[in-house]
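Protein sequences, first through last, are from chains A and B. For the first sequence, position 5 (counting from the first letter as 1) is numbered 14 according to my numbering, and the numbering increases by one without interruption. For the second sequence, position 76 (counting from the first letter as 1) is numbered 80 according to my numbering, and the numbering increases by one without interruption.
Simulated from the structure, these hints should not be mistaken for laboratory data. Possibly wrong hints are sitting among the right ones.
Claimed, not checked - Taking lysine-lysine pairs in the DSSO-like style, the calculated list, with each CA pair at most 27 Å apart, reads:
id, chain 1, residue 1, chain 2, residue 2
1, A, 216, A, 141
2, A, 96, B, 79
3, A, 116, A, 158
4, A, 116, A, 96
5, A, 141, A, 116
6, A, 135, A, 116
7, B, 25, A, 135
8, A, 135, A, 96
9, B, 87, B, 228
10, B, 122, B, 79
11, A, 116, B, 87
12, B, 25, B, 15
13, A, 96, A, 141
14, B, 15, A, 135
15, B, 228, A, 96
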Amino acid sequence: MDAVQISHVTRTFGEVTAVDDLSLTVPEGSIYGFIGPNGSGKTTTMRMIVNIFYPDSGEIRLFGDGRPENSSDLIGYLPEERGLYQKMTVQALLEFYGELRSGRSVKTEVAAWLQRLDLSARAADKLETLSKGMSQKVQFIATVIPEPKLLVLDEPFSGLDPVSAEAIRAAILELRRRGVTVILSTHDMSLAETMCDYIFMIFRGKKVLDGTLESIQERYGDDTIRVTAPGGIGNIEHLPGVEQVRDLGQVHELRLARGVDPQDVLRALLAQARVTSFSLAKPSLHDIFLRIARPAAQEVKNAAA
Amino acid sequence: MRLHKVFTIAKRDYIATVRTKAFLFGLVVAPLIFGGGSIAMSLMKTKPDVRDRHVAIVDHSGAIAEPLVAAATTKNERELYDKRTHQQIVPRYVFEVVPPVADSKEQLLALSNRVRHKELVAFLEVGKFALRPTKPSDDNGPALGVAPKTDPDTRVSYYTNASGIDEMRGWLSGPINDGVRLARLAQLGIDIRQNKELLTAAPIEGLSLLERDPKTGAVQEARKRSELEGFFVPFAVAMILAMIVMVGSAPMLQNVTQDKSQRIVETLLGSASPLELMSGKVMGSVGVSITSSFLYVAGGVLAVNTLGIAGMLPLTLIPWFYVYLLADVVMLCAFAAALGACCSTPQDAQNLAVLLLMPCMLPMFMLVNVLRQPNGLFATAMSLVPPFTPILMLLRQATTAGVPIWQPWVGLVGVSIFAFATVWGASRIFRVAILMQGKPPQLAQLVRWAW
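Chain B with its partners taken away, still in its complex shape (with noise of 0.2 Å):
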């Protein structure tokens, strides 16, 4: 293979990619993302919506309202407004009793109606049985096993058209169930107005593993750790891999296809093999996501310092941020360029662009079952199949949990000899497909030309 030709393909289709609209719009949009949503976070965090919730409650056990109506004072009262600027940075609760009615669906229809007219935010159903961990056998009888969860009477039902994870929803568990159990307990007879303290939970922090400094050999404190650093940091480094691996290697595809039905490849081909003209092609393609690279890492960072959690960074993934996203970008490349040297039309590359996706696409579907357990059998297989190697293992290894150490290599070592294989297979695929035209060969066909 003659370099120079592989360095004059690469410099050409470089230059013609970067300096396309589409990537100079890429350009902008990325940081956009990135530095523009945290940007926007922070905004909102100084700008909070400072409205009043209001939220009815229909309380069939008649021991929950009055608790929580009390709960719900005492936080606006704590809470409402910044000590030192006394500007108001949180909504008020304000909770409105609606005695139970006979027909409780017509009762929940017209509640309903009301949050849909944004009278109210949501409403509360707390079952006529709440106060008991299990459901009488009938209203007088003795209890008979554990109530089905599904119970309207043991349960307290939360209506709402507003998203499942709203900030009302969370608080209401804590006021509710000490509603509960103090109500449980005046049953008993014991009053604990007096000790409020025995329904104070323990708070449990998140810390990293204690490490001795290497310098100077004492235990160094550990750090907080919050759910961000669990999932976030992970999750947003596997994103951006993903990201720029699509944004390098999904043009490929195209560009083959149109220098293919413009006639362009033959004049190339008099001048370049076909590996040379495919290796130029994909050392473009690389140069381009590394370019594009510097950029979503440059807003990455940009994000997790307008966040103020870069510390939760593990810088030691960068080389293996890039490691990865040179293996990924080149098997992607040369599987699009043989797929883009079948296709006649640009209409054939789109039809076969969801095949090239599948490598990045598929680790997306398994990221959340990965970030549970990390370092569990299904993590750890599906991280050494090589093309989900270089998204799923460097997600787990930006976990905190990390990844034994001789994952990364082994999956490394994998990678490099499917992009070898790859890149051979895919140059045989361009060879014999470039020319031809009418229509696309068959899988089998290609498994035959690969081989």
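Extracted from the complex, chain A is given alone in its bound form (with noise of 0.2 Å):
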């Protein structure tokens, strides 16, 4: 059973269009990222889903025939910007939210979790003495209880130190294990390459990639060569074939035209730099999202200017 269905959504905000006729599948039990710029319509599109902002046309159904109303005590929400009350101790707050979902005691629940990510013994202190990272995590603990079908998490790595992110991290994994789906938004490339078993792109509006990373890089081709080259690669840029060169700093990804023949890339790469590892690999998740949003962007500085 798919655990989101949005069919045909298009949503507008005076003369803007957030979203426009987006159609996507979540299966159940998977973790699908959502990718795009800042303001192309990922947030609104999560919105949607947790029924904070209602279509102006089309359908979003939940869990088969579920409509989103109907589903809150079904869904975690994560929002972008988050907020707690600071007055209020991390045990009463998590309680609140989890009775505000359940409608029952979550005294359990709070204590487990609590206790997974190292937090009990501030259960009886008010948010507004903890740090950052542990506010993050007493938010991140507050969608979970009680644990939820569908955990929707907007930006839930971002301004998180590498040892929460962690935690977080493994707690979402460990969700997803016991049949949680989880749609979580990021501009983490890699975090999205690793962690996620979908990946669907946005941009203006407009759904420009979906499926698993395997099937969108094919589409894509063995177009990227990655060069290590110690002593630099000298001026490749102007050679037949490369149509963009990245300085990763240990290594260079070039990306070829259609129909360049690798090889001859290489021959004119040891004519001018000593390599000592050259491989053919398919294009990341970060190149593809830059071929896609990068012209825009230019597209905007050329307006600018």
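Both chains are sitting in their own frames, so use the hints and assemble them into the complex.
Shown next, in the form of structure tokens:
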């Protein structure tokens, strides 16, 4: 069964079309990554899934026939802009959010999650006394108590230190193992690559990518070469067949034009640099993201000029 | 609407509010205002200010000063001391007769300065023609029409920098007019000093209407009624209601704005619909209002008991008080929630606070007019305007005249419909505005959202 089924949904704000005729299916038990530049429509789509915004047209179904307005108790939602009642204690706040969603006492779950995320000692403290990382962990717990069937996380790792991020990441994966469907938005492409079963990219309100990482990369083919050259690779941007060069520090990533033979590029490289590694690769998600979004950014830049 | 969500939100908001220092401060201050005020009044009764009251009198008529001084002497002899305790209970009135001089203005200025220096509490200037109801065309000529009230020659002027309703002024009217009448009669050759009862005023006492005792069938004695009963009780009841409503609903505007600016709202909306969220917040405020009402009402009861006017409180009003309180708080809190949803910053909320207070403040400006004629057209019409009904109808019901039995019910129906419409419209505004940031919407936009 699909956890979320979005059919031809459009949502406008005044003159701006935030989401334009979007259709998307999120399989139950999967992790679905939403990517896209700021203002592209990710948050609006998420808000429609959790019934904070209503589509102007189209339809959203959850777990078969359920409409979002009837299914909010099944959803845990972590908004991008987080806020908690600072004067409440951690324990009281988590019980409040848990009871709000379930209508029952959630003391046991609260204790278990506090222990799991190493916050038991701060249960009686007011939120205003916690560090930002701790507050984010509390907010995450508030989202998953009681355990939802669908978790919608808008940039769950933003602002987190690596230790807290790892704790949240492990918790999300654990929830997925227990059958919870996870939708998360992120600007961290490597995280999306490693964590998500499916990736959906929205750009200017329209769906531009949707599928597994492999299927997406397949569409772009083996047009990427990764080169390591300790002494630098010289001026290769003007080599025939090389469309773009990205300096990643230790590695350079070259994108080839369609039909170019990588052996020709290797020969040209060897003629001007000492190459220690050379590999053919599929484009990274980051690269694909830039290929889609950068022309638009360039358009904006040109318009401003 | 899922009620458990509404109750959970209401419970949190209620607990959060009643634990604030501001609320606890209010709890202490409210009874102090009502209870402490009345206790202070009682103490003032037992410890009156008995310092001598020195008053100068410039009598251009030559007929008023003497009887006034005599009346003050008699008053001092009769009333100065408590007959049982022999303690002085009222101040002594000491009159100083000042002969008129040619430069009247300079004389009045000198006396004014003496009042300023607290040598006198006041001074009187009796006009040259104060004995005559009309002023002659000139000093020797015949009377011409009614003298204007502002004419200093025909009036008695009382100069003071004390408040306009000081005790002295109230007392002066009797002996001055007695003196005037005596002098007039004397001019006509009638000497009534041997029969002073001719000038004794007949007392008028306000009494309630008679009723038949439903148990015994006997006609009951009418109760004495005072100005307190006619003015203070209705006024106090309406004021208490207005205060509780304002105390209960005003924080809602800030609370919603705060939840919005601190990004708490979106998390809540992930678990509850806008209507559930708003209803929970309104219900929390109703709880706060009812809690504070118990204390205000208790303070009020303490005050009337201390003042010895407990019998004047019509107990049948209490159910109406709570019905109107409920309706008014729901109405204003929903309105406040909608306004709060439109604000992005606490400053925006402050600017809009005046709008929220209007339904409580406007009836306050009408109180005196309504009390003058509680069943007049103005009072009846205004008390049937739903936003004003709770305060004005309750005020009218608390007057001794009462209101026709159908009016509170019609008012209640109007208020209920209006409250429902407010909640409905507010929830629509709330739903649209709660996640909006930036410039607050225009009035036309609000109306469009509500519709």
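Against the structure, the hints:
Restraint check: the Cα-Cα separation between residue 216 (chain A) and residue 141 (chain A) comes to about 34 Å, which exceeds 27 Å; the hinted pair is violated. This hinted pair does not check out: residue 96 (chain A) and residue 79 (chain B) have alpha carbons roughly 65 Å apart, beyond 27 Å. Pair hint residue 116 (chain A) plus residue 158 (chain A) holds up; C-alpha atoms about 20 Å apart against a cutoff of 27 Å. Restraint check: the Cα-Cα separation between residue 116 (chain A) and residue 96 (chain A) comes to about 19 Å, which is no more than 27 Å; the hinted pair holds.
Of the supplied pair hints, the one linking residue 141 (chain A) and residue 116 (chain A) holds, its CA atoms being roughly 24 Å apart against a limit of 27 Å. At most 27 Å may separate the alpha-carbon atoms for a hinted pair to count; residue 135 (chain A) and residue 116 (chain A) meet this at roughly 17 Å. Under the criterion of a C-alpha separation no larger than 27 Å, the hint pairing residue 25 (chain B) with residue 135 (chain A) is consistent with the structure, at around 17 Å. Using a Cα cut-off of 27 Å, the hinted pair residue 135 (chain A) and residue 96 (chain A) holds, with the two alpha carbons roughly 6 Å apart.
As the CA atoms of residue 87 (chain B) and residue 228 (chain B) are separated by approximately 26 Å, the hinted pair is consistent with the 27 Å bound. Of the pairs offered as hints, the one joining residue 122 (chain B) and residue 79 (chain B) holds, with about 23 Å between alpha carbons and a cut-off of 27 Å not exceeded. Taking the CA atoms of residue 116 (chain A) and residue 87 (chain B), the gap is about 73 Å. The hint is violated against a cut of 27 Å. For the suggested pair residue 25 (chain B) and residue 15 (chain B), the alpha carbons sit about 18 Å apart, so the restraint of at most 27 Å is met.
Simply put, residue 96 (chain A) and residue 141 (chain A) have alpha-carbon atoms about 15 Å apart, close enough for the 27 Å limit, and the pair holds. For the hint pairing residue 15 (chain B) with residue 135 (chain A), the CA-to-CA distance comes to about 18 Å; that is within 27 Å, so the pair holds. A distance of roughly 55 Å separates the Cα atoms of residue 228 (chain B) and residue 96 (chain A); the hinted pair therefore is violated under the 27 Å criterion.
Going through the hint list in order, the structure does not satisfy hints 1, 2, 11, 15.
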